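Participant: Construct all of the structure, not just a fragment, from the sequences and the given hints.
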Amino acid sequence: MSHPLHQNPSTPITPRGTTTRRGFLSLSAGTASLAALAACGGTGGGSASGGGGDTIAFWDMPWGEPAYNTAAEKLTTTYKPTGENLPAEYQTVQWNNFTQTFASAIASNTGPAVSTGGGFQAYQYAEQGAIAYADDLLETFKTDGIYDDFLPGTIEPFKSADGYVAVPTQIDMRVWWYRKSIFDQEGLTLPTTWEEYLTVATTLAAKGYSAYGTGAGAGNFNGSQGLVTMLINNGGGFYNTDNELDCVTDRNIETLDFVAQLRSAGIIDPAAVSYTTDNLNSQWRDGKVAMGIFGAGLDNEIGDTSGDLRVATPMAGPHGDLGCLQYLNNIMMYKNTPSQASSEAFLLYWFKNYGTLFQQKLLNGLPVLQSVVDLPEFQAEAQKAEIIKTWQPIGKTFAATGNVVSARAAAIDGGQALNEFAQTVLSGGGDSRATLEKLQKDIEAL
Amino acid sequence: MSASVEGALGKARRGVGVAGPGRAGAPRRGMRRGALTLLLLVLPSILLVLLINGYPLVYALNQSLHKGSLIATGDFVGLDNYANVLTSDAFWAAARFTVVFTVVGVFGSWLLGLGLALLLKTRIPASGTFKVLLLLPWVVPVVVSATAWNYLVATPSSPVPRLAEALGLGTPLFLANPTLAAITVCLFKVWVSFPFMMLMTSSALTSVDGTVYEAAQMDGANRRQQFTGITLPLIARSTYISWILMTIFCVNDFPTIYLLTGGGPVNATTSLVVLAYRTVFQNFQTGPGVAIAFLMTATLVVISVLLYRQIRKSAVE
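Listed in order, the protein sequences are those of chains A and B. Per the numbering used here, the very first residue in the first sequence carries number 6; after that it's consecutive. Per the numbering used here, the very first residue in the second sequence carries number 5; after that it's consecutive.
Treat each hint with caution, since some may be false.
The calculated DSSO-like cross-link candidates involving lysine-lysine, where the alpha carbons are at most 27 Å apart (straight line), are [stated by the list, open to error]:
hint	chain 1	residue 1	chain 2	residue 2
1	A	Lys394	A	Lys147
2	A	Lys446	B	Lys71
3	B	Lys135	A	Lys340
4	A	Lys85	A	Lys147
5	B	Lys135	A	Lys443
6	A	Lys79	A	Lys340
7	A	Lys366	A	Lys85
Some chain A residues well away from chain B (every beta-carbon gap over 12 Å; in silico) [what the hints assert, rightly or not]:
hint	residue
8	Gly58
9	Gln99
10	Phe155
11	Phe263
12	Phe383
13	Arg413
14	Gln421
15	Phe426
If the Cβ cut is set under 8 Å, some of the chain A residues that face chain B in the computed set are [to be verified]:
hint	residue
16	Ala76
17	Pro86
18	Thr87
19	Asn114
20	Gly192
21	Ala223
22	Tyr280
23	Thr281
24	Asn284
25	Gly433
26	Gly434
What the hints contain is simulated information worked out from the structure, not anything from laboratory work. Model, not experiment: these values are computed from the prediction. Virtual Cβ for every residue (Gly too), placed ideally from N, Cα, C.
Facilitator: As structure tokens, then:
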């Protein structure tokens with residue numbers, strides 16, 4: 006959307022009433038409509054179409070360091086297809102407005118043949134008939150030995166009634182981090198239960214530190230993702246074991262009551278509800294946050310690789326449950342491809358070789374293949390290796406406590422309902438049951 | 005006046021030459037040919053405008069009547085999307101904030117712009133430099149301004165909350181408290197917009213003849229009387245135009261709000277355009293989102309017509 010002030014203010018009105026009323030009406034209506042509809046318009050796709058030409062268009066997101074996309078492009082262009090398979094062409098798609106970019110491109114048949122993207126994008130486009138299912142590719146993986154290399158529980162969430170909508174490429178997790186120097190300075194030990202955490206956090210808050218570093222301001226989803234982690238940690242979630250939406254449960258109420266306790270004890274910064282990603286990162290960087298829930302690459306993201314920022318051990322909830330939110334970033338194929346066989350051949354090559362990107366330490370996420378986890382270069386990243394070892398086995402998706410991820414997850418994650426829920430909880434407003442009932446109602450409306 | 009001269013003038017008024025009526029058909033045919041040529045010349049432009057503006061509008065209207073997604077039109081639902089939107093609390097909450105944001109944005113920036121324009125009209129040293137400095141909020145990209153404002157107010161350790169604390173006003177949470185967030189966003193809009201109003205008003209003020217003021221002074225009018233009796237009426241037309249434009253800018257303003265608060269906390273600063281965006285691109289509900297955009301458009305047209313009537317009225321007076 007363009008800045009409204011950049012519209013030319015002198016155009017509509019000419020001196021001394023030469024503009025007719027009808028002309029003026031058309032103009033004002035046009036101005037208003039265009040500006041409003043600009044909010045709803047696509048921003049166009051890229052240059053390569055998955056459905057035409059003699060290449061496989063591969064659209065990839067910026068998954069880490071700026072050098073990542075350069076290296077990923079090199080990996081793509083060095084692909085030498087065999088037989089009648091087509092070569093691949095690489096294109097970076099920025100996160101900014103990526104939903105519009107994909108939607109407009111796919112709607113106009115100018116989208117990719119293969120892409121990474123949003124965590125739940127594949128479920129959405131599968132529901133709309135745009136996805137080429139990965140069942141045949143996974144069969145090939147089985148014969149090539151790649152299938153057994155995937156970490157446990159990483160492939161199954163992609164299974165739908167019609168087939169596998171995508172294949173996982175990276176894991177992103179929301180885990181507890183802490184700043185070791187603060188704990189050492191205050192003589193604190195890492196909590197292993199929520200009860201211990203409350204004691205430690207109260208001590209830290211009394212010393213002026215935030216012990217629940219979070220943010221739910223403009224464009225920051227840390228707050229909502231942290232709360233989902235807390236719900237899962239206490240054996241809760243948005244769905245029940247029959248995969249039905251079920252937000253208002255005793256476990257979820259208990260969790261929100263606990264968070265409310267943190268809020269009223271001053272453990273959660275009252276300003277956190279409006280913190281952007283930059284605000285939150287600054288708080289971590291400046292040593293104001295002693296503990297908090299964050300993604301797998303906190304140390305890299307805030308540029309503190311001194312080893313002071315460390316991954317905490319999982320804490321047991323009041324009933325002894327362990328758990329955290331896990332995103333399985335993935336790669337998907339589209340029906341709009343010049344050759345499905347070529348799409349699959351390219352992905353086979355990609356999975357056999359993408360470990361080199363981890364060897365170069367270019368990705369923020371975690372690998373899904375055990376062989377990549379075992380690489381010495383990955384093991385040298387102590388915090389990431391620790392996350393894979395201690396947190397990944399207890400990770401659950403947005404489908405928790407169910408096991409079927411649906412297209413609706415895309416609208417929940419980052420949608421209005423969850424954002425409003427997080428801001429309500431973090432600002433200390435509302436009764437826990439009423440907040441969850443509102444969330445249930447809002448999600449049902451999606 | 006002689007009868008022959010009067011007759012000639014009468015013929016001239018009726019479009020008849022002194023020598024007689026002549027052949028009426030030839031010029032009419034010529035005129036028709038000229039009009040056809042003109043029409044053919046402008047036809048490509050008309051088609052282009054229809055294609056660029058008309059197609060998206062028709063397509064969007066169609067989307068608002070369907071339960072679709074970003075890539076598929078979906079099932080026809082008639083006016084259900086409009087009915088659902090108009091009966092939702094979120095829509096009316098956003099509409100209320102849009103009204104507040106627009107009223108404060110339009111009149112706040114106008115008052116500030118008018119005041120500064122009047123100040124710059126007087127002979128002050130380095131007025132050119134002041135003008136350039138005062139234009140900066142408008143010239144600087146809004147993403148930069150929003151980042152700067154965020155730095156100033158977002159956290160308890162930001163400069164403005166610390167200043168407030170030093171003055172014994174506590175630690176206000178400018179973006180975390182719903183009321184303060186709404187006030188901050190409105191002030192941000194005024195800050196971004198006042199240079200535009202200042203330019204419009206400055207331009208109008210330069211067109212006011214100085215002798216009018218001299219005459220008023222001779223008649224004993226004081227400064228307040230000159231301002232209310234001369235300045236405001238003489239710049240009224242320009243003022244109404246700037247109000248119309250600023251109303252459109254405010255109602256359609258997405259980045260100012262979205263970059264500073266994202267519409268939060270808990271929807272306290274969600275305007276209609278932010279709600280439309282979030283409905284389409286975060287909730288993936290294309291029909292209701294576009295319906296909100298159309299309702300906004302209809303409201304804007306009504307407001308614009310009312311203000312336009314006021315312009316005509318002021319022109320007649």
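Participant: Hint by hint, which ones does this structure get wrong, listed from lowest number up?
Facilitator: The structure conflicts with hints 3, 5, 13, 14, 15, 16, 17, 18, 19, 20 and 25, although it agrees with all the remaining ones.
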